[in-house]
Amino acid sequence: AQSVTQPDIHITVSEGASLELRCNYSYGATPYLFWYVQSPGQGLQLLLKYFSGDTLVQGIKGFEAEFKRSQSSFNLRKPSVHWSDAAEYFCAVGRTDKLIFGTGTRLQVFP
Amino acid sequence: DTGVSQNPRHKITKRGQNVTFRCDPISEHNRLYWYRQTLGQGPEFLTYFQNEAQLEKSRLLSDRFSAERPKGSFSTLEIQRTEQGDSAMYLCASSLMSQGQRRNEQFFGPGTRLTVL
Numbered sequence: 217a218q219s220v221t222q223p224d225i226h227i228t229v230s231e232g233a234s235l236e237l238r239c240n241y242s243y244g245a246t247p248y249l250f251w252y253v254q255s256p257g258q259g260l261q262l263l264l265k266y267f268s269g270d271t272l273v274q275g276i277k278g279f280e281a282e283f284k285r286s287q288s289s290f291n292l293r294k295p296s297v298h299w300s301d302a303a304e305y306f307c308a309v310g311r312t313d314k315l316i317f318g319t320g321t322r323l324q325v326f327p
Numbered sequence: 002d003t004g005v006s007q008n009p010r011h012k013i014t015k016r017g018q019n020v021t022f023r024c025d026p027i028s029e030h031n032r033l034y035w036y037r038q039t040l041g042q043g044p045e046f047l048t049y050f051q052n053e054a055q056l057e058k059s060r061l062l063s064d065r066f067s068a069e070r071p072k073g074s075f076s077t078l079e080i081q082r083t084e085q086g087d088s089a090m091y092l093c094a095s096s097l098m099s100q101g102q103r104r105n106e107q108f109f110g111p112g113t114r115l116t117v118l
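Protein chains in written order, with the working numbering: chain A, 217 to 327; chain B, 2 to 118.
Since the hints were made in silico from the structure, they are not lab data.
Glycine included, every Cβ here is placed at the ideal spot set by N, Cα and C.
Check each hint, because a few of them may be wrong.
[To be verified] To give an idea of the chain B side of the interface with chain A (calculated C-beta under 10 Å), a few residues:
hint : residue
1    : 4
2    : 72
3    : 86
4    : 109
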């Protein structure tokens with residue numbers, strides 16, 4: 217079955233601290249992987265994507281993610297979190313049609 | 002702005018009423034997707050179109066739901082005889098898929114929040 221697991225429902229960090237959000241997937245073929253961010257009451261904004269090639273991908277707002285095939289993981293990282301990063305983060309997997317999303321991780325940032 | 006737009010942004014209706022939402026994709030995009038997101042969950046796929054053709058429907062899409070994309074541009078999603086369980090955020094996304102472009106990067110609209118009383 218195709219699925220995405222985001223084990224952390226809620227993460228709290230201090231501003232300036234580093235961040236890692238976990239994502240594990242189950243997918244039959246080599247997947248395309250995505251991270252989206254959603255502010256309250258808003259749609260989803262694409263942070264970064266992995267299609268092929270270099271397993272470390274850079275995205276917007278200083279985020280990066282690393283694809284690890286052996287661990288079926290695509291964890292999102294940021295070296296120094298800003299208060300404006302507080303939001304809900306969704307990992308998604310797909311190929312040429314629909315995306316399958318995880319349940320999300322809510323990030324709270326303390327000053 | 003050339004992003005995906007959705008209207009209305011909010012809809013409150015009474016149980017049993019019909020509602021219709023509209024999605025306008027990015028103009029050159031040939032694929033259009035509908036997802037539903039309930040509180041505390043990630044988006045769940047409902048259906049998608051390539052141009053006018055509806056290529057896949059989820060089992061989540063009951064007989065009360067119907068989607069159209071008559072001219073391959075905007076799309077509508079109609080829910081008949083709404084139920085309280087239909088309360089959710091309905092998200093639309095679009096992408097460009099072609100022979101030379103198989104990387105399905107989907108861009109989302111702001112969503113329509115439906116509340117069924």
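Here is what the structure says about each hint:
At its closest, the beta carbon of residue 4 (chain B) sits 9 Å from a beta carbon of chain A; the interface hint therefore holds under the 10 Å criterion. Hint status for residue 72 (chain B): violated, given a least beta-carbon distance of 22 Å to chain A, over 10 Å. The criterion of a C-beta within 10 Å of any C-beta in chain A is not met by residue 86 (chain B), whose closest approach is roughly 18 Å, and the hint is violated. For residue 109 (chain B), the shortest C-beta to C-beta distance to chain A is roughly 4 Å, which falls under 10 Å, so the interface hint holds.
Of the numbered hints given earlier, the model fails hints 2, 3; all others are met.
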